[in-house]
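If you count the sequence shown from 1, position 183 lands on 218 in the working numbering, and the numbers rise without skipping.
Please keep in mind that the hints were generated in silico from the structure rather than gathered at the bench. In this text, a Cβ means the ideal position worked out from N, Cα and C, and glycines have one as well. Worth double-checking, as some hints may not be accurate.
[Said to hold, decoys possible] BS3-like mimics (lysine-lysine), calculated; alpha carbons at most 27 angstroms apart, straight line:
hint	residue 1	residue 2
1	LYS213	LYS256
2	LYS268	LYS213
3	LYS266	LYS256
4	LYS272	LYS197
5	LYS203	LYS290
[What the hints assert, rightly or not] Have a look at the derived ranges for each label pair, beta carbon to beta carbon:
hint	residue 1	residue 2	range
6	ASN118	LYS201	20 to 26 angstroms
7	TYR122	PHE287	29 to 35 angstroms
8	LYS266	GLY113	33 to 39 angstroms
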Amino acid sequence: MNWLLLQNSVLLVFGFMVVMFLIAQRLKDNSIVDIGWGIGFVLIAFSCFLQSEQTVAQVIALTLITIWGFRLAGYIYGRNVGNGEDYRYAQWRKDWGKYVVVRAFFQVFMLQGAIMLIVASPLYVIFSQSLELSWNVYLAIAVWAFGFYFEAMGDYQMKKFKANPKNKGIVMRQGVWKYTRHPNYFGDATQWWAVFIIAAATDYWYLAAIGPAVMHFFLVKVSGVALLEQKYKGNPKYVDYIASTNAFIPWFPKKVA
């Protein structure tokens with residue numbers, strides 16, 4: 036295990052988050068940190084790749100992370116641009132009052148940077164080893180593609196659905212949303228487990244598993260599924276959606292009496 040990769044990643048992420056923080060202060064919009072989330076992983080991946088043997092398997096890992104990161108950043112940018120600060124960050128700005136700058140630095144930017152470094156654990160393992168093409172790399176590509184489809188298609192379908200004024204007040208239950216209430220979060224987690232599969236054949240597989248496990252936990256229990264379920268729990272139409280459709284793992288909808 037090349038621990039220098041982690042050391043350099045810490046310095047890189049710290050610098051990146053400081054820059055994002057300064058931009059946020061200029062714009063008075065701390066929610067731009069969400070755009071930096073995907074980009075940060077791409078930077079970590081490229082940094083580690085440049086310090087690796089650059090095998091075909093490592094090129095594949097870099098490619099998967101790059102596509103995932105830039106797509107996510109582009110989607111969030113397109114969703115947020117022109118709409119002001121996201122309501123969660125706006126509420127924190129109000130709650131934190133005169134301490135908003137200091138608390139935003141540590142509780143938004145530095146905290147997210149720390150989580151990023153933990154989630155990136157499979158990258159340190161992958162780029163520390165002399166990995167070659169094998170069955171697990173091909174499996175990883177297939178699993179990643181499955182996850183990418185659910186995340187990208189889920190985001191696209193929801194964006195298109197919300198753009199139609201006729202759908203206001205209606206719960207989205209079409210396309211991939213028919214099979215899971217959170218296809219984008221499921222797809223996100225699946226792609227990170229796919230990256231883990233590339234590292235699974237190494238001696239440090241247990242370290243590589245930490246990142247996807249943390250990502251999975253946050254998506255389901257903290258910032259993803261749990262947050263949205265709480266937001267919509269009082270909506271009778273969403274209650275019916277809950278009764279018929281799995282929260283996370285895609286499956287055929289159940290019949291509701």
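Results for each hint:
1. LYS213 <-> LYS256: Measuring from Cα to Cα gives roughly 21 angstroms; hence the hint holds.
2. LYS268 <-> LYS213: holds, 18 angstroms
3. LYS266 <-> LYS256: Holds. LYS266 to LYS256 sits at ~14 angstroms (cutoff 27 angstroms).
4. LYS272 <-> LYS197: holds, 16 angstroms
5. LYS203 <-> LYS290: holds, 25 angstroms
6. ASN118 <-> LYS201: 20 to 26 angstroms: Taking Cβ atoms as reference, ASN118 and LYS201 lie about 21 angstroms apart, which means the hint holds.
7. TYR122 <-> PHE287: 29 to 35 angstroms: Holds, since TYR122 and PHE287 (Cβ atoms, about 34 angstroms apart) stay within the stated range.
8. LYS266 <-> GLY113: 33 to 39 angstroms: At roughly 22 angstroms between Cβ atoms, GLY113 and LYS266 fall outside 33 to 39 angstroms, so the hint is violated.
Checked against the numbered hints above, the structure violates only hint 8.
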